[in-house]
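Participant: Heads up: the protein sequence lines correspond to chains A and B, in order.
If you read the first sequence in this note's numbering, its first letter stands for residue 1, the second for the next number, and so on.
If you read the second sequence in this note's numbering, its first letter stands for residue 1, the second for the next number, and so on.
Quick caveat, the hints were computed from the structure, so don't treat them as lab data.
Predicted model, so just to flag it, every value in this text is computed and none were measured.
Note that CB positions come from ideal geometry on N, CA and C, so glycine has one too.
For each label pair, taking beta carbons as the anchor points, the in silico distance ranges come out as: (1) A:R87 with B:V423: 35 to 45 Å; (2) B:V282 with A:L4: 25 to 35 Å; (3) B:V57 with A:V60: 27 to 37 Å; (4) B:L36 with A:S3: 54 to 64 Å; (5) A:F63 with B:A363: 45 to 55 Å; (6) A:M56 with B:V282: 35 to 45 Å; (7) B:I429 with A:A12: 44 to 54 Å; (8) A:A12 with B:S277: 20 to 30 Å; (9) B:R35 with A:S5: 55 to 65 Å; (10) A:M56 with B:T299: 51 to 61 Å; (11) B:V282 with A:M66: 30 to 40 Å.
Chain A stretches covered by chain B per the calculated footprint, using a threshold of three residues with CB under 8 Å from any CB of chain B: (12) 12-25; (13) 28-42; (14) 65-77; (15) 81-93.
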Amino acid sequence: MVSLSWLMALSAAIFVIGVGGFLTRRNILVMFMSIELMLNAVNLAFVSLGSRLGTMDGQVIVFFVMTVAAAEAAVGLAIIISIFRSRETVHADDLTLLKW
Amino acid sequence: MNPFNLAAINFAWLPILPLITVGIGAIVVLLAGVRLDDEESEGLGWLSLAALAVAFVLTLGIVGQTGVAFAGALAVDSFSAFFELVILIAAAFTILMSLDYAGENHLAGAEYYSLVLFSALGMMLMASAGDLIVIFLGLETMSIAVYVLAGLRRRDPRSNEAAIKYFLLGAFSTGFLLYGIALIYGATGTIKFEAIRAALTQPMMSNPMLLLGLAMLLVGFAFKVAAVPFHMWTPDVYEGAPTPITGFMAVGVKLGAFAGFVRIFLVNFGPVSMHWSQALWVLAVLTMTAGNVIAVVQTNIKRMLAYSAIAHAGYILVGMTAAGPEAGSAVLYYLLAYAFTNLGAFAIVVALERRGSVGDLIADYRGLSSRSPALAGAMALFLLSLTGIPPLAGFMGKFYIFAAALHQGYTGLVVIAVLNSVVAAYYYISVIVAMYMEEGGIDTGRLARKPALVAAIGLAAIATVLIGIYPAPYMSAAANAFNSASGEQAMRAASLNP
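Could you put the whole structure together from the sequences, leaning on the hints where they help?
Facilitator: This is the structure:
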């Protein structure tokens, strides 16, 4: 059996990869994928902690997180499509209409 | 213990009736709007207002009850009732501002009003959360609806840009919040607030997993309340979003986020306040200072109000840093005062705006007092309240927060906050100067044809004055609310009334 610390380390690593991807990549779709990576890292942490602690909470939360991530994906992709229709770009650096 | 013991779950429906009403209202509005053109959506607005009014009455009916529902997932207390009432009022004001706006700007009425209701539902859920997962669900229900609302002017590239910026940074911060929840779950073995509070009283709790979880939760909330340095999205999103929605974000989203923030940190993580109060101290100073200083150079009134909203989050963080029942009640009172004042200010911005974003510049407010004295007078009132001039609501809010922080020994923090208020006076009063002492600007059109908007401005103005000159009932309601959440009977805050 894999120990909890390995699972948590893997989850932390995936989370950090997600954060790094979000901060360094400028394509909105890739940034969005990085966010999904972060959420799945959290899911891994929840299931491993849940099985270690022996409570259902951790397992159940994962379903909530997945549902919310799906809703977020639907809204996010819709917003990206409307951006692409008006600007023909999905590059974060091109979004400069609003700034001080 | 059998995890599937359904009999142990108390399905008390009464406490969630207001939430159900708002949810059903949102669905009915969405369905009723299917066959309507976007220009004739005003009826849907009135339908939403009716749903909010019913929910308001139902919430008043459960004031004073305490306990938990749904196996501890929901907390039933005066704290949730207080926030639910203010959130319902904020949503109702937003709809009053939108009745004419939505038609003029060809916004899809059914989606517009039902999304306002859905996000109000999420805020109310955050206010009445009894465990961390309900906080998360409430936050997401609120945020996802507001992402869409920010981008609802689909053909306006600025609105698109606001939506994508809000969405990306909001979803990013959600990741941090969730990771924080996971770590706290790992450290304490539970997600229920009551059990967490019990676990934290044990001395083992300088566990690094708990501290990291707290830090990540703090980052998540700091994004949502727009605390510096997690505020980058705020001005852009506030400028690009439809103006009534900007008001809703500045007030409603902040109410919901602070409801969760206060309940988690002040109430349930009170036992470990030594671990987070210094971080909040730094956040408060950065937020106040950056918000106020950057607001000075703004030329667009929506951006100026965005930075002002950031600065006000900073003042509230001063109260949260002080912790304790007195500061907690002051924070609640401040949020109430801030809600009415800011809604009023945004209602004026809506009144002056033409075709999307014309009329958003501070220069457009020049000479407003001669063209529309009532509008200029109301705007001056709201700006003075935001500055903190007695006897308006904003002054009493600042007074309570600063007094609470002083009593806890945070003298340096209060000095910084007061200096910040002076900087704030400069940019608020420069708008008043433009309205009363300069000439030019744009025509206001005929406001008399918009009774709902006029009503919103008038009610906000009355509330701003009333809460300021007669604060006692509101302050005792706030104290009551905070004490019922923290389970303390001590009414120290009541003795603060001048």
